[in-house]
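Could you put together the complete structure from these sequences and hints?
Per our numbering, residue 35 is the first one in the sequence shown, and the count goes up by one each step.
Just so you know, the hints here were simulated from the structure itself, not pulled from any lab data. A virtual CB, placed ideally from N, CA and C, is assigned to each residue, including glycine. What you were told as hints is all true, and nothing was included just to trick you.
Distance condition first, Cα-Cα at most 30 Å in a straight line; then the derived DSBU-like pairs of lysine-lysine:
{"#": "1", "residue 1": "K99", "residue 2": "K165"}
{"#": "2", "residue 1": "K176", "residue 2": "K103"}
{"#": "3", "residue 1": "K175", "residue 2": "K119"}
{"#": "4", "residue 1": "K176", "residue 2": "K119"}
{"#": "5", "residue 1": "K119", "residue 2": "K99"}
{"#": "6", "residue 1": "K103", "residue 2": "K175"}
{"#": "7", "residue 1": "K165", "residue 2": "K119"}
{"#": "8", "residue 1": "K175", "residue 2": "K99"}
{"#": "9", "residue 1": "K99", "residue 2": "K176"}
{"#": "10", "residue 1": "K175", "residue 2": "K165"}
{"#": "11", "residue 1": "K176", "residue 2": "K165"}
Estimated spans, in silico, between C-beta atoms of each pair:
{"#": "12", "residue 1": "S135", "residue 2": "T178", "range": "19 to 27 Å"}
{"#": "13", "residue 1": "A83", "residue 2": "L133", "range": "25 to 33 Å"}
{"#": "14", "residue 1": "A82", "residue 2": "T178", "range": "28 to 36 Å"}
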Amino acid sequence: LAHPRNLPNISCSLSHVVEESIRQLPSLEASDVHFAHLHVADCYVRGAARDIERVVMILLENALKFSRKPAEISLEVVLSEFTAKLRVTDNGDGVPDELRSEVFQRFTVADEAHNESGYGISLALASEIVKRCGGAIRAEKKETANGAVFVVDLPLVQMPASEEMADRRRSERRKVSQSFPMSCALE
Numbered sequence: 035l036a037h038p039r040n041l042p043n044i045s046c047s048l049s050h051v052v053e054e055s056i057r058q059l060p061s062l063e064a065s066d067v068h069f070a071h072l073h074v075a076d077c078y079v080r081g082a083a084r085d086i087e088r089v090v091m092i093l094l095e096n097a098l099k100f101s102r103k104p105a106e107i108s109l110e111v112v113l114s115e116f117t118a119k120l121r122v123t124d125n126g127d128g129v130p131d132e133l134r135s136e137v138f139q140r141f142t143v144a145d146e147a148h149n150e151s152g153y154g155i156s157l158a159l160a161s162e163i164v165k166r167c168g169g170a171i172r173a174e175k176k177e178t179a180n181g182a183v184f185v186v187d188l189p190l191v192q193m194p195a196s197e198e199m200a201d202r203r204r205s206e207r208r209k210v211s212q213s214f215p216m217s218c219a220l221e
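Here you go:
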């Protein structure tokens with residue numbers, strides 16, 4: 035992981051970024067795609083929302099591109115004490131063992147059959163973004179079946195005070211609005 039002095043002093047809500055990325059990929063709702071979005075309570079990670087969103091989009095777009103039909107794609111966020119682990123899996127052929135470390139280098143193409151629309155730079159871009167945020171990205175072998183597994187570890191940060199206050203106010207408003215009839219609910 036990067037040295038703390040070199041990390042961006044920006045954070046974003048990972049669950050909001052994931053939701054926005056999913057919203058921007060209407061092909062995830064296609065009839066030949068089974069998409070499982072498994073996520074935990076919200077957390078804040080180091081990095082700009084647009085950068086983290088780009089990483090999520092790259093991983094989801096690759097999962098769509100390389101999955102067998104019907105596609106089976108999952109996205110999961112697991113929290114540890116210091117990191118958020120974002121895992122995207124698909125049911126394609128997976129990344130060959132010999133390319134697992136090279137797939138994040140520019141112009142590396144793991145599957146020539148799917149290369150008609152790509153140049154082998156998206157995972158390199160994702161890797162650069164993740165490193166700039168103090169995280170790590172890797173390809174893993176899927177344990178139970180065929181498919182690719184991409185894991186991104188991002189450093190957790192404390193929720194910004196302004197966000198924490200806004201969340202507290204929203205929670206208080208919900209409690210108040212649930213206590214009153216709809217016509218009296220506070221906005």
